[in-house]
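*Asks:* Following the hints, put chains B, C and D in place on chain A, whose structure we already have.
These are the residues of each chain, in order.
Protein chains: 4
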Amino acid sequence: MRLHELKTSAERRAVVEKESGAKLDAISRNSLPEDTRIENMVGATQVPLGIAGPVRVNGRDVLLPLATTEGALVASVSRGCRAITESGGCTAIVLKDAMTRAPVFRLPSAKEAVAFTAWVGSHFQEIKAAAEEGSSHLRLQAIRPWIVGRNAFLRFEATTGDAMGMNMLTIGCGKAVDYITAQTGADCVALSGNMCADKKPSALGLIEGRGKSVVVEAVLSAKTIKDVLKTTPERIVDVAYRKNLIGSALAGSHGFNAHAANIVAAMFIALGQDPAHVAEASQCFSLFEREGDGVHASVTMPDLPVGSVGGGTRLPTQREALAVLGAKTAREVAECVAAGVLAGEISLAGALSAGQLAKAHKELGR
Amino acid sequence: MRLHELKTSAERRAVVEKESGAKLDAISRNSLPEDTRIENMVGATQVPLGIAGPVRVNGRDVLLPLATTEGALVASVSRGCRAITESGGCTAIVLKDAMTRAPVFRLPSAKEAVAFTAWVGSHFQEIKAAAEEGSSHLRLQAIRPWIVGRNAFLRFEATTGDAMGMNMLTIGCGKAVDYITAQTGADCVALSGNMCADKKPSALGLIEGRGKSVVVEAVLSAKTIKDVLKTTPERIVDVAYRKNLIGSALAGSHGFNAHAANIVAAMFIALGQDPAHVAEASQCFSLFEREGDGVHASVTMPDLPVGSVGGGTRLPTQREALAVLGAKTAREVAECVAAGVLAGEISLAGALSAGQLAKAHKELGR
Amino acid sequence: MRLHELKTSAERRAVVEKESGAKLDAISRNSLPEDTRIENMVGATQVPLGIAGPVRVNGRDVLLPLATTEGALVASVSRGCRAITESGGCTAIVLKDAMTRAPVFRLPSAKEAVAFTAWVGSHFQEIKAAAEEGSSHLRLQAIRPWIVGRNAFLRFEATTGDAMGMNMLTIGCGKAVDYITAQTGADCVALSGNMCADKKPSALGLIEGRGKSVVVEAVLSAKTIKDVLKTTPERIVDVAYRKNLIGSALAGSHGFNAHAANIVAAMFIALGQDPAHVAEASQCFSLFEREGDGVHASVTMPDLPVGSVGGGTRLPTQREALAVLGAKTAREVAECVAAGVLAGEISLAGALSAGQLAKAHKELGR
Amino acid sequence: MRLHELKTSAERRAVVEKESGAKLDAISRNSLPEDTRIENMVGATQVPLGIAGPVRVNGRDVLLPLATTEGALVASVSRGCRAITESGGCTAIVLKDAMTRAPVFRLPSAKEAVAFTAWVGSHFQEIKAAAEEGSSHLRLQAIRPWIVGRNAFLRFEATTGDAMGMNMLTIGCGKAVDYITAQTGADCVALSGNMCADKKPSALGLIEGRGKSVVVEAVLSAKTIKDVLKTTPERIVDVAYRKNLIGSALAGSHGFNAHAANIVAAMFIALGQDPAHVAEASQCFSLFEREGDGVHASVTMPDLPVGSVGGGTRLPTQREALAVLGAKTAREVAECVAAGVLAGEISLAGALSAGQLAKAHKELGR
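Chains as they are written, first to last, in the working numbering: chain A, 792 to 1157; chain B, 792 to 1157; chain C, 792 to 1157; chain D, 792 to 1157.
Just to be clear, a hint being listed does not mean it is correct.
Given that identical chains are not distinguished, each listed pair holds provided it fits within a single copy or across any two copies.
As a list, the in silico DSBU-like pairs of lysine-lysine whose alpha-carbon atoms are at most 35 Å apart [stated by the list, open to error]:
id, residue 1, residue 2
1, Lys966, Lys919
2, Lys809, Lys798
3, Lys798, Lys814
4, Lys966, Lys809
5, Lys902, Lys798
6, Lys919, Lys814
7, Lys798, Lys919
8, Lys798, Lys887
9, Lys919, Lys809
10, Lys1014, Lys814
11, Lys887, Lys902
12, Lys1014, Lys798
13, Lys1119, Lys809
14, Lys1014, Lys966
15, Lys966, Lys1119
16, Lys1119, Lys902
17, Lys919, Lys1119
18, Lys966, Lys814
19, Lys919, Lys1014
20, Lys1119, Lys887
Since the hints were made in silico from the structure, they are not lab data.
The shape of chain A in the complex, shown without the other chains (with noise of 0.2 Å):
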């Protein structure tokens, strides 16, 4: 069988059909156009889509596109919105952008490494450059190298203009290193060594960022908490300080909340964006802390690479979701994204805090 050799989806999925003796039919069924370009594509897996919101973020009220297979997990979320909204909405901010790539190279010795990191230093402009030509939107920041023993790290940062960018930074940090390569002579053992760190949960990450790096924030009565969440501010705070911190910090965890995968993952499938990224963006803070009579929620994401336009963005369902939601910027993806995890976590640390979380699954799960 040579899947790869055939034109069409049906002529794949007759193949396959025929090996493994399952029925595509509902595979069969979708909107994609047949030049779509994924490899020896035999139709689509759909997802179903939930609409979660609306919650108001920066002063506009947003819907929330959420490809899920987790029942209850709309429903949560749209309750954290709602608690959200009743009290004036989030604000949230973009503090760093910049995607990464870090080849590493093998220099013959240590001293060697570090006089190659300098050489790189000191001729930036250069390498810029070479990585930016014949790009309309990279634009290189900064390198920054590591040394470990006789290698070099050397990490990339670049803004991507509104696409995600890992594609864009992956070619031009081709071209740059093909330029380091034939000043110096060193070796490039791969072109990237995982200090990028891409898709991967890592400390890194959390410290340095990548993507984008945002924090969005709400603060709620305790009218709010009691009426929409059921529970006090006593409660919520207490929860997350057991739950996000003492137990994530036990569990040698990075991920210091309650369950923002679940929302990260459901945002990233609904608007086109990589669900492998999932590994990292659900590396977060979610704090509760007591203010005035109420409580101030937080959720800080220092590594969300998202876009609004490349990749996924470009596939009919996903280009919809992303209408729904209205953002126009990969800035405004990012901050939509962390907006449905507050909201997310506002609600399970309420249900959790309320004794609801079984109860939640019983009734709504499957």
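*Replies:* Just chains B, C and D now, kept in the frame of chain A:
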């Protein structure tokens, strides 16, 4: 707008279209039954589905469904599948099987927390009975206690049949907690205290495992490495050493691999698994070591929560993809996902060592 | 120069003085017996010894010997001791007691690694007998296996009487490995494979514990906090929350405390413990929570390797300091060290919340 | 008992002897001046001092003072020194030099935290002037801000001459904070917010460095490995790979080495450095890679806080040991400590690969 009060997806779509100005045409075309239990459902997100493989896993030739928006991924995994299969296939072994949920309790003092965990230890059978009551699949295996100050975390470990089991265990754990609090008066702060650790990267998941813990291995000959991967054993081993181990170590990452999250995310979406679990499942070790004239390649995934029934596996396209995979049990799903990750790791390590990463992105990606 | 061929410290000093041009007068003045088993001994380093306390631990008033070169440390710990003792003392509990050593084996394949660990599991009694042979104190409790690719790590857990036990267990583990390799032919790559994890910070040590796992607690009244610490319950709780939890979480640290390492290092040196263990023992949780009108303060140290006999406890000054401490067993040493850390944490949290840190350094430090 | 009201060590000893029943004879015999600024001083702890080496570091033959109670350590380091020196010596390079202190501020909102850090960024010169005022050595290099929710962490990076500099920077940071709070009204919760991160293991220290960041390397020939270490290049590289990298990765450890903490602790005590810093300084990478017929060995220590003046370096025995070492500057101290760690790592990797660990402990240890 009250989406949750509307009965049909069509009605909800009409409201969302009106509110947002977006058109939901593609989203409306789907095979989902109207009673799909996702709240505020307006249709489906369609994710392109490609088929990689076949790859020989434990003697069986398997086609791998990958739902992805990333060009080059299916081709890359297919190349790895070919390298594996030409080498006689891979062996995948489930090392451990235990879903977990860990409530956190606040006791008046550390001294009482110690007494509390001792009580739990000596009442395991009663607690087990309470947890399993009404479930035909849940089997509680152990409760592991941790104490931090006056907080007690109880980590419930259970088998859950062929379901991934998070909901099943959450419900059972809720009953167990009801029993425990009724007997001891202890205050359960949250049914999940993040020592689960569910949908979060964590050293705990790496060390203790969660869901299925799987190891998969293959021995690639020098000829296969040359013919299929266009590189050499020395080079591929060097890439894995400097990238997967040194680079990830420096990044403070728990992901000692090249791009496991890509394959995990694509197979999870295709097969109806929970993509939020990418956060933990992508934590794995990809090792490449010299063996004879070739390379011993392995992937060890301690934290792979998957099922062959329940949750998203009931949806039409996902059920079809599971039929393509041909996995009958949760363990077989785990073995196939691990084999897919091994294929992806082999292919990317090969591409990086052959300097092809940027080129691949340029030609196949967007 | 062949220092190791010389018989006496005086002869070695003469050579070192000649070679380096240094004078070793102060180093020559010591109480060490000439047969002290340190190679190339030329004398002793003298570390100033201060006494903090008394602090009431489990009903007993204890003086804490601290060997330190840091001005303000003894005064600070003493202040914390006073706060604890005025509050009725602290309660310290040993939660777990197990020294560990973890050899790593390379098997031909992951499949054989699985069979190997299964063999180990079914031959525990024989392996235990081999490990304990010839030792009157070593008691092997468990062997926990891990598999990464074709590597098998076996973590030996043992009690070692009142010795810290690392050497005792290393010797026993060596015998066990001889038995295992003779029976199975497995290749032991290294007797320590870093899953011990000895003298390294690790999430493993935090999660699984090593040596003594101890929790210690005290309840401080608002009056004591005001009189002794010159701050308020609100303020001290806030410092611990933002510094010990959020700050350490962001730093990717396993040290969720203020300065535990200071007290651990000073007490370890004074009491003849191994100061290299500061790397792991200083990983601990310091929690401050509101309780009544005051504060519940606790320190949880999962990884505290100490002994009351063996190693450095036999040296003259160290033996005298142990007599001052009055701890008869390794467990009591652990409880007293934990109490010292609690005192230090209370005092520093108080000083920080009262804005006194820079002032203290200025007046007492250098 | 009021130890701190007594004037002399002798008086304090009398009280401690009476209270505890212990005799402080050995403790009383010391060379410490009576005005040593340690509170409640009763004398000195004597730690056996052995001399390892010489080891050739950057062309100079260096004797390494090690204060330790662990038998076999000095012999082991000496063996490593011999392997290094026979191979032509090692090269040590200081990559970075910056002591750090990081206060944490609580702002009313995340939005205001963003404005606050922007204000700090645009007033660097004024803050620098405030910090350096009155100090002849402190030079503030940068202030790096982080935001988590409404908390702002400011990480002050500074050079501190040849002092380790923690106290100097704490005092300067205190002045800077006074200036900042006076100008902005921001609430400084704690002068240290654990993003320093002082005396704690942290990914931050590994990634960003602290104190001196040092790399040291040597190339060992096959002959030296055979003659001195009694093993082979293949075997020693294999030990380092499976133990230092895979084992530590699985353990969730930041210590990718064999026993760096042993050498760090022993040299820190001997040389008057702060042994509490073992918690962070022992985080390092020990790599062994094939090179020609032998091995390229390196140790990379990103987080090594040392000084040649100030603190414990002023004490009599410590000053003498510094003279033995012959290091004139803080940087040279760092290079020598790193060289000592390299020697220790080479020796232990050799011993493990030759199966000698248990044997060494049996014969030389207690």
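*Asks:* Look at each hint and say if it fits the structure.
*Replies:* Evaluation of the provided hints:
Proximity of Lys966 and Lys919 under a CA criterion of 35 Å is satisfied intra-copy only: 10 Å inside one chain copy versus 40 Å between copies. For the homomeric pair Lys809 and Lys798, the shortest alpha-carbon distance inside one copy (17 Å) is at most 35 Å, but the shortest distance between copies (39 Å) is not. For the homomeric pair Lys798 and Lys814, the shortest alpha-carbon distances inside one copy (20 Å) and between copies (30 Å) are both at most 35 Å. Neither within a single protomer nor between protomers do Lys966 and Lys809 lie at most 35 Å apart by alpha-carbon distance, with minima of 44 Å and 47 Å respectively.
Taking the closest pair of Cα atoms, Lys902 and Lys798 never come within 35 Å of each other, the shortest separation being 54 Å inside a single copy and 40 Å across copies. For the homomeric pair Lys919 and Lys814, neither the shortest alpha-carbon distance inside one copy (51 Å) nor that between copies (41 Å) is at most 35 Å. For the homomeric pair Lys798 and Lys919, neither the shortest alpha-carbon distance inside one copy (40 Å) nor that between copies (56 Å) is at most 35 Å. In this assembly of identical chains, the alpha carbons of Lys798 and Lys887 never lie at most 35 Å apart, being 44 Å within a copy and 42 Å across copies at closest.
In this assembly of identical chains, the alpha carbons of Lys919 and Lys809 never lie at most 35 Å apart, being 51 Å within a copy and 46 Å across copies at closest. Within a single copy, Lys1014 and Lys814 get their C-alpha atoms no closer than 53 Å, and across copies no closer than 37 Å, so neither meets the 35 Å cut-off. In this assembly of identical chains, Lys887 and Lys902 lie within 35 Å of each other by CA distance both inside one copy and across copies; the values are 33 Å within and 14 Å between. In this homomeric assembly, Lys1014 and Lys798 come within 35 Å of each other (Cα to Cα) only across copies, at 30 Å, whereas the closest approach inside a single copy is 61 Å.
Taking the closest pair of Cα atoms, Lys1119 and Lys809 come within 35 Å of each other only across two copies (18 Å); inside a single copy the shortest separation is 44 Å, beyond that limit. For a Cα distance limit of 35 Å, the shortest separation of Lys1014 from Lys966 across copies, 30 Å, qualifies, whereas the shortest one inside one copy, 57 Å, does not. Taking CA atoms no more than 35 Å apart as the test, Lys966 paired with Lys1119 passes inside one copy only; the shortest distance there is 30 Å, against 45 Å between copies. In the homo-oligomer, the alpha carbons of Lys1119 and Lys902 lie at most 35 Å apart only across protomers (22 Å), although the nearest pairing inside one protomer, at 48 Å, exceeds that limit.
When the C-alpha separation of Lys919 and Lys1119 is checked against a cutoff of 35 Å, the pair qualifies only within one copy, where the shortest distance is 28 Å, while the shortest distance between copies is 41 Å. With identical chains, the CA atoms of Lys966 and Lys814 are never at most 35 Å apart, being 45 Å at best within one copy and 40 Å at best between copies. In this assembly of identical chains, Lys919 and Lys1014 lie within 35 Å of each other by CA distance neither inside one copy nor across copies; the values are 54 Å within and 39 Å between. In the homo-oligomer, the alpha carbons of Lys1119 and Lys887 lie at most 35 Å apart inside one protomer (18 Å), although the nearest pairing across protomers, at 42 Å, exceeds that limit.
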